[in-house]
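Taken in sequence, the protein lines are chains D and R. Per the working numbering, residue 1 is the first one in the first sequence, and the count goes up by one each step. Per the working numbering, residue 1 is the first one in the second sequence, and the count goes up by one each step.
Don't read these hints as lab results, they were simulated from the structure. Check each hint, because a few of them may be wrong.
Quick list of the computed label-pair ranges, beta carbon to beta carbon [what the hints assert, rightly or not]: (1) D:Ser161 - R:Gly24: 25 to 33 Å; (2) D:Glu138 - R:Ser43: 28 to 36 Å; (3) D:Gln78 - R:Glu58: 32 to 40 Å; (4) D:Ser187 - R:Thr71: 49 to 57 Å; (5) D:Gly84 - R:Ser76: 57 to 65 Å; (6) D:Thr137 - R:Ser43: 31 to 39 Å; (7) D:Pro83 - R:Thr102: 39 to 47 Å; (8) R:Asn79 - D:Ile193: 50 to 58 Å; (9) D:Phe52 - R:Leu190: 50 to 58 Å; (10) R:Asp107 - D:Gly41: 41 to 49 Å; (11) R:Ser109 - D:Asp140: 46 to 54 Å; (12) D:Ser187 - R:Asn49: 47 to 55 Å; (13) D:Thr43 - R:Ser43: 41 to 49 Å; (14) D:Gly112 - R:Leu19: 49 to 57 Å.
Under 7 Å between C-beta atoms, here's a sample of chain R residues computed to sit facing chain D [said to hold, decoys possible]: (15) Ser23; (16) Leu26; (17) Ser39; (18) Ser43.
The structure displayed is predicted, hence computed values, not measured ones. Note that CB positions come from ideal geometry on N, CA and C, so glycine has one too.
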Amino acid sequence: MRSIIFLTCFLLSASAVAQVAESGFHVTWSIMVPTYKEYVGNTSTNNFRVGFTRFLNERFGFGIDGGYAVLDDYVPRQTYTYPGGAITTDMFNYMYYYTLTGSGKYFFIHDGLVVPYVALGAGASFTDYTIYYNAYTEVDEKFGFLIRPELGTYFRFEKYSALGLKASVTWDYTTNKSDHIDVKNFSGLGFQIGLVLFSN
Amino acid sequence: MRNSFLTVVGLLSLYGCGLRPDSGELARDLVVQTQYDQSVISSSGNVFNTYNTFVIREDTIGFVSNRSNATYLIESDFNITGGYALPIISLAKQNLGVRGFTPVAEDDSPDFAVNIAVLNNFTFFQTITYPGFYPGYFGFYGYYFPIVNTYVSDYTTMVIEIVDIKNATGNQYRIVWKAFIGDLNTIIGLREKTLEAVDQAFGQSPYISKD
Numbered sequence: 001m002r003s004i005i006f007l008t009c010f011l012l013s014a015s016a017v018a019q020v021a022e023s024g025f026h027v028t029w030s031i032m033v034p035t036y037k038e039y040v041g042n043t044s045t046n047n048f049r050v051g052f053t054r055f056l057n058e059r060f061g062f063g064i065d066g067g068y069a070v071l072d073d074y075v076p077r078q079t080y081t082y083p084g085g086a087i088t089t090d091m092f093n094y095m096y097y098y099t100l101t102g103s104g105k106y107f108f109i110h111d112g113l114v115v116p117y118v119a120l121g122a123g124a125s126f127t128d129y130t131i132y133y134n135a136y137t138e139v140d141e142k143f144g145f146l147i148r149p150e151l152g153t154y155f156r157f158e159k160y161s162a163l164g165l166k167a168s169v170t171w172d173y174t175t176n177k178s179d180h181i182d183v184k185n186f187s188g189l190g191f192q193i194g195l196v197l198f199s200n
Numbered sequence: 001m002r003n004s005f006l007t008v009v010g011l012l013s014l015y016g017c018g019l020r021p022d023s024g025e026l027a028r029d030l031v032v033q034t035q036y037d038q039s040v041i042s043s044s045g046n047v048f049n050t051y052n053t054f055v056i057r058e059d060t061i062g063f064v065s066n067r068s069n070a071t072y073l074i075e076s077d078f079n080i081t082g083g084y085a086l087p088i089i090s091l092a093k094q095n096l097g098v099r100g101f102t103p104v105a106e107d108d109s110p111d112f113a114v115n116i117a118v119l120n121n122f123t124f125f126q127t128i129t130y131p132g133f134y135p136g137y138f139g140f141y142g143y144y145f146p147i148v149n150t151y152v153s154d155y156t157t158m159v160i161e162i163v164d165i166k167n168a169t170g171n172q173y174r175i176v177w178k179a180f181i182g183d184l185n186t187i188i189g190l191r192e193k194t195l196e197a198v199d200q201a202f203g204q205s206p207y208i209s210k211d
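Can you make the complete structure from the sequences, with help from the hints?
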């Protein structure tokens, strides 16, 4: 309890000092590199995220972030045997990955054009695993818990400018394993770059 | 500014939602699935080792469709350069011949029958209900089909079945092997790919052997 009171007092006292902005909306394009590659191993560029950050004071903020990513891989034609039979096909493994996270942010510098920060996000993921083979599809859908540490920076073109840039590196780990298609929890690195609309 | 921002978000959403494999890439090869009866083919015994002869319809392929009343197809129904039905039947016979089995006439008491049929507008992967036996199967090999739950979909599948005649119980005949080849609707190069798939069906079923 004492630590909570201390943290609250700290946050409130800091709020009197100049902060980056009141808030900021961002939309980022993302490159995603799976670190768990059993189902989808290719680097994906079909990803984007949108979010909102509320700057509490010069050091702290919180945000909410929604993301959509499509990862895929091609498995060349081969024969899979199982008790009582076999199947021969090539496959296109697709992973449609939706995320919604809340995050706490810490800003290392707050009064320049460059505002680096570190953040820790947590939330939910929804994964649509779809295997395409010829005219057929095999689908499994999973909800999972998501944790997402992030290192990034904002860049404002000039002081108090409404428009800025955002770049960050994230790492996702989510509990979306599927027994049906025999994959474990997904993890992957994300490299984001995008636009930020600040509200002063 | 804010409107532009939302426009960017909207465009990205539309772009991302349409992503899936190119249909041309999906149609490169047919899916070949085979299943065998584990009660008669296992490490403790293989019913194929007890067979010598088989019978197969030489001129027709069975046909089940919820778009047509036809029950079989002949070569002229396909209108494919180089033929379709006859080369498939011939290739199935050839594969069985290589495995040591001899084709015989219907009256020569074959050990097993080979049915080849096309199922149109039926779906089968994961949804087929296959009885262990054909009830009421008698005599020859009219075309007898699995009980397929008619989840309507636009698939066309070739099914090859091996039916045990030698060990029939009364009028019940066990299906000891079946192959599903699909989807014939979307494939590019139907004739060549089907023939390749027939070979693949036997190739991935090494237990179909007299020895």
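Taking the hints in turn, this is what the structure says about them:
The hinted window of 25 to 33 Å between serine 161 of chain D and glycine 24 of chain R is violated, with their beta carbons roughly 47 Å apart. The hinted window of 28 to 36 Å between glutamate 138 of chain D and serine 43 of chain R holds, with their beta carbons roughly 29 Å apart. Checking the proposed 32 to 40 Å range against glutamine 78 of chain D and glutamate 58 of chain R shows it holds: the Cβ atoms sit about 34 Å from each other. About 54 Å separates the C-beta atoms of serine 187 of chain D and threonine 71 of chain R, a value consistent with the hinted range of 49 to 57 Å.
With their beta carbons about 37 Å apart, glycine 84 of chain D and serine 76 of chain R fall outside the hinted range of 57 to 65 Å. Between threonine 137 of chain D and serine 43 of chain R the beta carbons are some 34 Å apart, a value that agrees with the proposed interval 31 to 39 Å. The hinted window of 39 to 47 Å between proline 83 of chain D and threonine 102 of chain R is violated, with their beta carbons roughly 30 Å apart. For asparagine 79 of chain R and isoleucine 193 of chain D, the Cβ-Cβ distance of about 56 Å falls inside the hinted range of 50 to 58 Å, so the restraint holds.
The beta-carbon spacing between phenylalanine 52 of chain D and leucine 190 of chain R, approximately 53 Å, falls within the hinted interval of 50 to 58 Å. About 58 Å separates the C-beta atoms of aspartate 107 of chain R and glycine 41 of chain D, a value inconsistent with the hinted range of 41 to 49 Å. Distance hint check: the CB atoms of serine 109 of chain R and aspartate 140 of chain D are about 48 Å apart, consistent with the given range 46 to 54 Å. Between serine 187 of chain D and asparagine 49 of chain R the beta carbon distance is about 50 Å. The supplied range of 47 to 55 Å therefore holds.
Between threonine 43 of chain D and serine 43 of chain R the CB atoms are about 44 Å apart, so this pair conforms to the stated range of 41 to 49 Å. For the pair glycine 112 of chain D and leucine 19 of chain R, the beta carbons lie near 39 Å from each other, so the given range of 49 to 57 Å is not met. The restraint placing serine 23 of chain R at the interface with chain D is violated, with a minimum CB-CB distance near 9 Å, outside the 7 Å limit. The restraint placing leucine 26 of chain R at the interface with chain D holds, with a minimum CB-CB distance near 6 Å, inside the 7 Å limit.
At a threshold of 7 Å, the smallest CB-CB gap from serine 39 of chain R to chain D is about 10 Å, leaving the interface hint violated. Nearest Cβ of chain D to the Cβ of serine 43 of chain R: about 12 Å, over the 7 Å cut. The hint is violated.
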